[in-house]
Amino acid sequence: MTWTDEELVAKSIRGDADSFNELVLRWERPIYALAYRTIGREEDARDVCQETFLRAFRALPGFRGQAKFSSWLYRIALNLCRDWVRRERRTPVVQPPEDVDVMELAAAAEPSESIEDLVARHDLSRAVERAMTLLPEEQRTAIVLKEYHGLTFQEIADLVGCPLSTVKTRLYQGLAVLRRELAKNTKATL
Amino acid sequence: MTDMCSYGFSRDETLIAYLYDDIDPQARSAFDGHLATCALCRDELTSLQGVRQQLARWAPPSPSVVVNSQQSAADRRRATDSTPSESHVSTVDRERPTSNRWWREIPAWAQVAAALLFLGVSARIANLDVRYDQNGLAVRTGWSTPVPASAAGAATRAGTTGVTSNAASREELAALERQLRAELRGAQTAARTAVAADAPARSASGGSDADVLRRVRALLDETEKRQQRELALRIGEVLRDVNAQRQADLVRIDRTLGVVENNLGVEVLKQRQSLNYLMRVNQRP
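These protein sequence lines are chains A and B, in that order. Each step along the first sequence adds one to the number in the numbering used here, with nothing skipped, and position 160 is 172. Each step along the second sequence adds one to the number in the numbering used here, with nothing skipped, and position 185 is 170.
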């Protein structure tokens, strides 16, 4: 039987540790992905992810279900990411390795994918990563939440605490910057 | 671009809502109608869809351990069902195969076979010889065991190809061993000669082994006594420093208390004067 998040939360509050573990297993990867795409450092993203669940665990008795558990978790993670960016006083940094480990790439390849396609995919991923670092934090967060986590505009607005129209504007402006930067990258590779 | 489009001031927001299909049906049909007539919006929509496709290629690196809880269970679970968010997240968030997955995918029997093969080759290389007889279990390794000539001869007489080649290699090894033993003997002889040459000098300084041992022990005793003396000296110095510091601290505390008492006395005096003044003022008609 699959429990809903809210049911697992209720069981966790009653002291069932396995239920909280289930929540962690369910949400650790999306939260890690959110942290990584927001701050751009693998180690720090892992720390943020762990801290998110630690804080959630501590604050669980105070969770009254006004919002969805996932939204609550996203809010904690986003606040931690924001703290990280302010503490480090810099924009997110993405430093992918310069050299391409073909063997490692090959391990991640689809069965039908040629090595050329593989390297092209890797290059594109790096280009997107670089372009994302150029965005202001607000635009970056809006794009990450919409594009990779599928939140609605209203959910994003509630999470980051701004009007709905602002979320859409941030997305539009962010995508416009990305379009320009990715077009540069495409021209450079041709 | 916006100023050349007739849609209105909310055009960018509507375009984004349309792009992500997060738009109410009425606004959607209205924008559909606009798209049919506005090439600029059509082009921009197409290019933004292209950007979204490119964004879908950005995958975060697979973390070894995200949260320290039952990672293997997480792996198992993820393999069978998807999380609520992953159901609507693009494919990039799904777990990518890790670089060592190939090893985990080899069947257990193949891994056991590979391990046995490795052990067999290693035992052959190490010339491992395991025997169990009336003397008990004997394990011998290395190439130093002399091969009896009779065994080599018997192997040669056996006449099979495998045994012949084995005997030939043993003969070669026996020859190698003889050569090594000869070299070792030569080295030992040279060492003995050197020791013999050195013997008069050692006897002149009165140095038998027992004598040297006694002297080393005496030196060690002397060093130990010196270290004990130095330690006692250091401890005495530390105690003296601590006492001096304690005295200085006591003096400072006394002085501070005196200053505090003085200040307190002055304050009390002022308070008393103020009270006297107030009483005098109150007693006046």
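No lab work stands behind these hints, which were simulated from the structure alone. Where hints are given, some of them may not hold.
Said to hold, decoys possible - A few chain B positions that, by computed beta-carbon distances, are all more than 10 Å from chain A:
hint : residue
1    : Cys(-10)
2    : Ser(-9)
3    : Asp7
4    : Ser14
5    : Cys23
6    : Pro46
7    : Leu158
8    : Ala203
9    : Glu222
10   : Arg231
11   : Asp234
12   : Asn248
Said to hold, decoys possible - Computed spacing ranges between beta-carbons, pair by pair:
hint : chain 1 : residue 1 : chain 2 : residue 2 : range
13   : B       : Leu205    : A       : Leu66     : 20 to 26 Å
14   : A       : Asp30     : B       : Gly(-7)   : 50 to 56 Å
15   : B       : Leu25     : A       : Gly27     : 17 to 23 Å
16   : A       : Leu66     : B       : Val244    : 47 to 53 Å
Small disclaimer: the values here were computed from a predicted structure and weren't measured. Idealized CB from N, CA, C, for every residue including glycine.
Hints and how they fare:
1. Cys(-10): Fine: 13 Å to the nearest Cβ keeps Cys(-10) of chain B off the interface.
2. Ser(-9): Consistent with the label, Ser(-9) of chain B stays out of reach of chain A, its closest Cβ about 18 Å off (over 10 Å).
3. Asp7: Violated, because the least Cβ-Cβ distance between Asp7 of chain B and chain A comes to about 5 Å, which does not exceed 10 Å.
4. Ser14: Given a closest Cβ separation of 19 Å, the condition holds.
5. Cys23: For Cys23 of chain B, whose nearest Cβ neighbour in chain A is about 16 Å away, the distance exceeds 10 Å, so it holds.
6. Pro46: Incorrect as stated: the minimum Cβ-Cβ distance to chain A is 5 Å, not above 10 Å.
7. Leu158: 41 Å, holds
8. Ala203: Its Cβ never comes within 10 Å of chain A, the nearest being 58 Å, so this holds.
9. Glu222: Holds: least Cβ distance 47 Å, greater than 10 Å.
10. Arg231: 44 Å, holds
11. Asp234: About 41 Å separates Asp234 of chain B from the closest Cβ of chain A, which puts it past 10 Å; holds.
12. Asn248: 45 Å, holds
13. B:Leu205 to A:Leu66: 20 to 26 Å: 56 Å, violated
14. A:Asp30 to B:Gly(-7): 50 to 56 Å: 54 Å, holds
15. B:Leu25 to A:Gly27: 17 to 23 Å: 60 Å, violated
16. A:Leu66 to B:Val244: 47 to 53 Å: 50 Å, holds
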